[in-house]
Amino acid sequence: MTVLAKYQRLETEAIWRPDKEAQRRDVIVSIGKATLTISTANGTALTHWSLPAIARLNPGETPALYAPGQDAPETVEVADNEMIGAIEQVLRAVRQGSEEPSKLRSITMALIALGALAALVFWVPGAITRYTASLVPDAAKSSIGASLLAEMQRVTGAPCAEPIGANALKALESRLFPSGATTLVVVPSAISETAELPGGAILIGRALVEDFETPEVLAGYLMAADARRDQAQPLSGLLEVAGLRASLSLLTTAELPDTTLPRMAEWLAARAPMPAEEDALLSRLSSANIDSAPYAYAIDISGESTSKLIAASQPTSPPLLSDGQWIALQGICGE
Numbered sequence: 000m001t002v003l004a005k006y007q008r009l010e011t012e013a014i015w016r017p018d019k020e021a022q023r024r025d026v027i028v029s030i031g032k033a034t035l036t037i038s039t040a041n042g043t044a045l046t047h048w049s050l051p052a053i054a055r056l057n058p059g060e061t062p063a064l065y066a067p068g069q070d071a072p073e074t075v076e077v078a079d080n081e082m083i084g085a086i087e088q089v090l091r092a093v094r095q096g097s098e099e100p101s102k103l104r105s106i107t108m109a110l111i112a113l114g115a116l117a118a119l120v121f122w123v124p125g126a127i128t129r130y131t132a133s134l135v136p137d138a139a140k141s142s143i144g145a146s147l148l149a150e151m152q153r154v155t156g157a158p159c160a161e162p163i164g165a166n167a168l169k170a171l172e173s174r175l176f177p178s179g180a181t182t183l184v185v186v187p188s189a190i191s192e193t194a195e196l197p198g199g200a201i202l203i204g205r206a207l208v209e210d211f212e213t214p215e216v217l218a219g220y221l222m223a224a225d226a227r228r229d230q231a232q233p234l235s236g237l238l239e240v241a242g243l244r245a246s247l248s249l250l251t252t253a254e255l256p257d258t259t260l261p262r263m264a265e266w267l268a269a270r271a272p273m274p275a276e277e278d279a280l281l282s283r284l285s286s287a288n289i290d291s292a293p294y295a296y297a298i299d300i301s302g303e304s305t306s307k308l309i310a311a312s313q314p315t316s317p318p319l320l321s322d323g324q325w326i327a328l329q330g331i332c333g334e
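Using numbering that gives the first Met the number 0, the first residue of the sequence shown is number 0, and each one after it goes up by one.
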């Protein structure tokens with residue numbers, strides 16, 4: 000410590016008393032690295048006081064009276080102003096230094112507490128949501144999806160269901176998702192692209208069936224939606240939006256609060272789908288023998304950001320739909 004180094008050779012005469020009843024004695028006081036040394040005139044050390052523990056018994060008075068502790072019987076009386084100033088400065092420096100670890104510990108504990116609070120606020124709800132979504136059985140997910148689809152009609156309108164178009168939609172569904180685990184639903188408004196529901200339903204905005212010349216564009220959007228379902232469960236995202244209470248309710252009672260479905264429906268209608276992982280999308284398009292170029296140019300007419308999709312282009316085989324089926328599907332929402 001700089002202050003200690005400055006005064007380590009300083010010494011002065013003083014009067015020492017080992018206890019209140021003892022005779023006063025002339026001594027030499029000197030400052031060491033961590034102690035105040037009281038010695039005889041010939042250099043024999045009588046006692047060493049720890050600098051951080053030293054207490055001044057008469058602040059502001061001269062000569063200054065010091066003790067090795069606030070309640071210690073031993074005292075030393077110093078009259079030299081330079082030594083008094085040195086002792087006071089050293090004591091301040093030592094005590095400030097001893098306070099630093101305490102301050103550091105306090106800061107560290109505060110940071111740990113803040114970290115724990117942040118984990119509680121930000122990580123725990125997400126963890127509970129993901130855990131809940133992983134425990135919900137498929138039948139319950141389908142039930143939630145059906146209820147949410149009914150609630151969605153408040154913002155999207157009733158699903159488009161012109162009979163010939165509905166038959167064409169079923170044909171496309173069988174071509175793209177032959178396992179039968181996915182249900183395609185075209186809605187007249189609110190959904191601009193696609194939205195995935197728990198239980199396997201994918202909502203399709205009517206623009207995807209009406210605004211393009213070939214079904215490959217729609218197929219690309221549907222393959223992207225399927226890839227997103229593998230990236231993150233639809234129920235998990237919906238529960239995050241609904242809040243921790245919804246997850247806890249579903250976890251403990253197998254039911255959602257009454258206010259949950261409207262909130263989920265509004266969020267689905269307002270959100271833009273997150274991008275699908277390109278490799279996962281390409282794998283699906285390739286496995287289904289779907290030309291990836293029409294979808295690539297639909298999302299970026301320049302092709303600059305979708306060059307990998309364009310490079311993987313291959314003829315669709317067999318056709319997704321016949322020309323008549325595609326025309327019928329384009330009219331599924333009527334006028």
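By construction, these hints were calculated from the structure, which means they are not laboratory data.
Take these hints with a grain of salt, some might be off.
Said to hold, decoys possible - Pairwise CB distance ranges (calculated): (1) G31 - A54: 36 to 44 Å; (2) T251 - K307: 23 to 31 Å; (3) D299 - D137: 18 to 26 Å; (4) G323 - R270: 19 to 27 Å; (5) D299 - I163: 19 to 27 Å; (6) S304 - A160: 30 to 38 Å; (7) K307 - P136: 34 to 42 Å.
Note that beta-carbon positions come from the ideal geometry of N, C-alpha and C, so glycine has one too.
Now the hints, each set against the structure:
no.: 1; hint: G31 - A54: 36 to 44 Å; result: 18 Å, violated
no.: 2; hint: T251 - K307: 23 to 31 Å; result: 45 Å, violated
no.: 3; hint: D299 - D137: 18 to 26 Å; result: 36 Å, violated
no.: 4; hint: G323 - R270: 19 to 27 Å; result: 35 Å, violated
no.: 5; hint: D299 - I163: 19 to 27 Å; result: 33 Å, violated
no.: 6; hint: S304 - A160: 30 to 38 Å; result: 36 Å, holds
no.: 7; hint: K307 - P136: 34 to 42 Å; result: 37 Å, holds
Violation of the numbered hints given earlier is confined to hints 1, 2, 3, 4 and 5; the remaining hints are satisfied by the structure.
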